[in-house]
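Chemist: What follows is the residue order along each chain.
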Amino acid sequence: MSEPVGIAAEDRELAALRAGDEEAFLALVNRHHGAMLRVAGMFVRSRAVAEDVVQEAWVGVLRGLHLFEGRSSLKSWIFSILVNCAKARGLRESRTVPMSSLDPTPEEDAPSVSPDRFREEGDRWAGHWSAPPEPWPDARVESSELVALVGEALETLPPAQRTVMSLRDVDGWESGEVCEHLNISEGNQRVLLHRARSKVRAFVEERLGREGPP
Amino acid sequence: MTRSVPDLTCRELVELVTDYLEARLPVDERTRFELHLTYCDWCRTYLEQMRQVLVGAGEITEEAIEPEMRDALLATFRDWKRGSGGGS
Amino acid sequence: MIAFKFLGAGARAPFTRFQWPSPGDWVSAPADDTEMWIYACRRRDLPYWLDDELWRIELEEPVREARYQIASPRGRLLSRVAAWDRGLMRDYAQACALRARELALPHVPDTVREALADAPDLEAIAAAAARAGPTSRTAEYVADAANNALHVGPATTSYIAAMLASSLGGGLAAFEAERAWQARWIADRLALEPDPRAGS
Numbered sequence: 001m002s003e004p005v006g007i008a009a010e011d012r013e014l015a016a017l018r019a020g021d022e023e024a025f026l027a028l029v030n031r032h033h034g035a036m037l038r039v040a041g042m043f044v045r046s047r048a049v050a051e052d053v054v055q056e057a058w059v060g061v062l063r064g065l066h067l068f069e070g071r072s073s074l075k076s077w078i079f080s081i082l083v084n085c086a087k088a089r090g091l092r093e094s095r096t097v098p099m100s101s102l103d104p105t106p107e108e109d110a111p112s113v114s115p116d117r118f119r120e121e122g123d124r125w126a127g128h129w130s131a132p133p134e135p136w137p138d139a140r141v142e143s144s145e146l147v148a149l150v151g152e153a154l155e156t157l158p159p160a161q162r163t164v165m166s167l168r169d170v171d172g173w174e175s176g177e178v179c180e181h182l183n184i185s186e187g188n189q190r191v192l193l194h195r196a197r198s199k200v201r202a203f204v205e206e207r208l209g210r211e212g213p214p
Numbered sequence: 001m002t003r004s005v006p007d008l009t010c011r012e013l014v015e016l017v018t019d020y021l022e023a024r025l026p027v028d029e030r031t032r033f034e035l036h037l038t039y040c041d042w043c044r045t046y047l048e049q050m051r052q053v054l055v056g057a058g059e060i061t062e063e064a065i066e067p068e069m070r071d072a073l074l075a076t077f078r079d080w081k082r083g084s085g086g087g088s
Numbered sequence: 001m002i003a004f005k006f007l008g009a010g011a012r013a014p015f016t017r018f019q020w021p022s023p024g025d026w027v028s029a030p031a032d033d034t035e036m037w038i039y040a041c042r043r044r045d046l047p048y049w050l051d052d053e054l055w056r057i058e059l060e061e062p063v064r065e066a067r068y069q070i071a072s073p074r075g076r077l078l079s080r081v082a083a084w085d086r087g088l089m090r091d092y093a094q095a096c097a098l099r100a101r102e103l104a105l106p107h108v109p110d111t112v113r114e115a116l117a118d119a120p121d122l123e124a125i126a127a128a129a130a131r132a133g134p135t136s137r138t139a140e141y142v143a144d145a146a147n148n149a150l151h152v153g154p155a156t157t158s159y160i161a162a163m164l165a166s167s168l169g170g171g172l173a174a175f176e177a178e179r180a181w182q183a184r185w186i187a188d189r190l191a192l193e194p195d196p197r198a199g200s
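Sequences listed follow chains H, X and W, in order. The letter at position 139 of the first sequence is residue 139 when you use our numbering, and the numbering goes up by one with no holes. The letter at position 83 of the second sequence is residue 83 when you use our numbering, and the numbering goes up by one with no holes. The letter at position 25 of the third sequence is residue 25 when you use our numbering, and the numbering goes up by one with no holes.
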């Protein structure tokens with residue numbers, strides 16, 4: 001999870017950047033690198049192109065640094081530059097910009113949990129669990145195993161879901177930041193997040209259940 | 001019949017978990033959600049697992065930037081510094 | 001206003017995980033965000049929110065009243081109701097299951113009524129009710145209530161009893177009436193003061 005940067009800290013960071021402080025620059029790069037690749041990846045075809053876009057965005061950031069007035073946060077400003085670069089590159093690649101790919105598809109209506117795990121219509125407890133979740137063993141939840149499984153599960157998700165969940169739950173973004181930079185509605189953001197989290201939970205459950213206790 | 005009482009089914013609850021955690025449920029639905037949790041250990045387990053997933057996600061360490069890219073960005077920064085008179 | 005609040009073991013809020021401080025220490029929620037207010041029970045709300053620990057809580061005005069709970073922006077725990085313990089929870093679950101049988105008797109098949117009425121304990125009730133098989137949903141509810149009282153706990157058992165009551169035709173009103181019966185049982189056993197305002 002990236003550390004939230006307070007207003008005063010951001011002012012200091014900005015001053016250091018403008019003064020040409022390499023440490024400050026690298027810290028900023030490292031903090032946002034994963035999220036920048038993710039966001040860029042939503043607009044362009046490949047990882048290599050996304051890396052290019054990130055680099056191009058930093059050039060834009062540095063060029064514009066003297067114009068940055070702090071009306072938005074530094075982070076928000078950096079990502080708006082990134083998105084502009086990525087969109088432009090996406091258009092040149094004649095790839096559809098993700099407004100469409102970020103709309104929940106019919107697949108998004110798929111249930112979070114398989115319907116056969118609930119009691120059937122007509123049962124007195126219709127819709128209640130028939131195959132309920134078993135608590136995960138503490139030892140495995142507290143180990144690095146769970147973290148690794150969540151990471152593995154994220155890789156299996158469709159890109160829009162993976163991007164939204166990673167930005168929210170790995171990078172610690174607010175929902176408003178995700179909506180702004182991916183240009184999606186609050187509702188869409190939540191649908192994508194819900195599908196993603198539900199699938200990740202199911203993935204972890206499958207692994208922990210199938211492998212049994214250690 | 002069950003619709004007349006303040007309740008949800010488990011199947012409905014699992015679709016509301018994100019709205020609940022995001023504090024986006026209307027108050028009546030939130031009450032139904034919590035009334036259900038009070039008597040349903042299974043759904044409490046489900047919600048707990050969702051929270052465990054979120055904690056796990058928060059602990060994922062981002063892949064470090066590749067050294068080549070880091071060096072390239074640093075070079076960009078130094079160019080900019082020279083060009084803009086940064087450091088002054 | 002003095003009200004009640006159920007908490008998990010160690011005075012932890014069941015949904016938010018908030019760790020309540022020692023009795024007497026005030027806790028404040030954002031006054032302008034009623035969603036975040038401190039929730040509590042009137043006496044009549046108790047059966048809906050069972051948990052391990054029962055506390056008396058003082059709520060500062062304004063107290064907002066809803067159908068199954070009340071809320072306030074500021075509150076403090078006063079003292080734990082020590083009599084709400086494992087033993088009493090078991091007794092309460094059993095009382096709810098017995099009450100389920102009582103409500104069900106006029107509605108179960110003749111073939112099982114006598115055995116169900118005579119069943120001396122929860123195991124026998126569950127067995128007698130199960131003999132009605134899937135032909136009687138009412139009997140199935142009674143078996144569910146008895147089994148849950150034995151193996152699961154009071155929150156589930158009392159919910160099943162209230163569901164049974166509503167299934168006999170009265171819907172929401174019957175469900176809430178059964179909850180009111182349960183609230184009286186708890187209040188009597190714990191000798192709780194009546195709700196300060198209309199209700200109970």
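These are calculated hints, taken from the structure and not from any lab test. Each hint should be verified, as a subset may be incorrect.
Claimed, not checked - Below, in silico cross-link-like pairs of lysine to aspartate or glutamate (EDC-like), each with a Cα-Cα straight-line distance of 16 Å or less: (1) H:Lys199 / X:Glu15; (2) H:Lys75 / H:Glu155; (3) H:Lys75 / H:Glu186; (4) H:Lys75 / H:Glu13; (5) H:Lys199 / H:Asp138; (6) H:Lys75 / H:Glu10; (7) X:Lys81 / H:Glu10; (8) X:Lys81 / H:Glu23; (9) X:Lys81 / H:Asp21.
Chemist: Run every hint past the structure and note whether it holds.
Modeler: Against the structure, the hints come out as follows:
no.	hint	result
1	H:Lys199 / X:Glu15	holds (12 Å)
2	H:Lys75 / H:Glu155	violated (25 Å)
3	H:Lys75 / H:Glu186	violated (20 Å)
4	H:Lys75 / H:Glu13	holds (11 Å)
5	H:Lys199 / H:Asp138	violated (21 Å)
6	H:Lys75 / H:Glu10	holds (9 Å)
7	X:Lys81 / H:Glu10	violated (20 Å)
8	X:Lys81 / H:Glu23	holds (13 Å)
9	X:Lys81 / H:Asp21	holds (9 Å)
Of the hints listed earlier, those the structure fails to meet are numbers 2, 3, 5, 7, in rising order.
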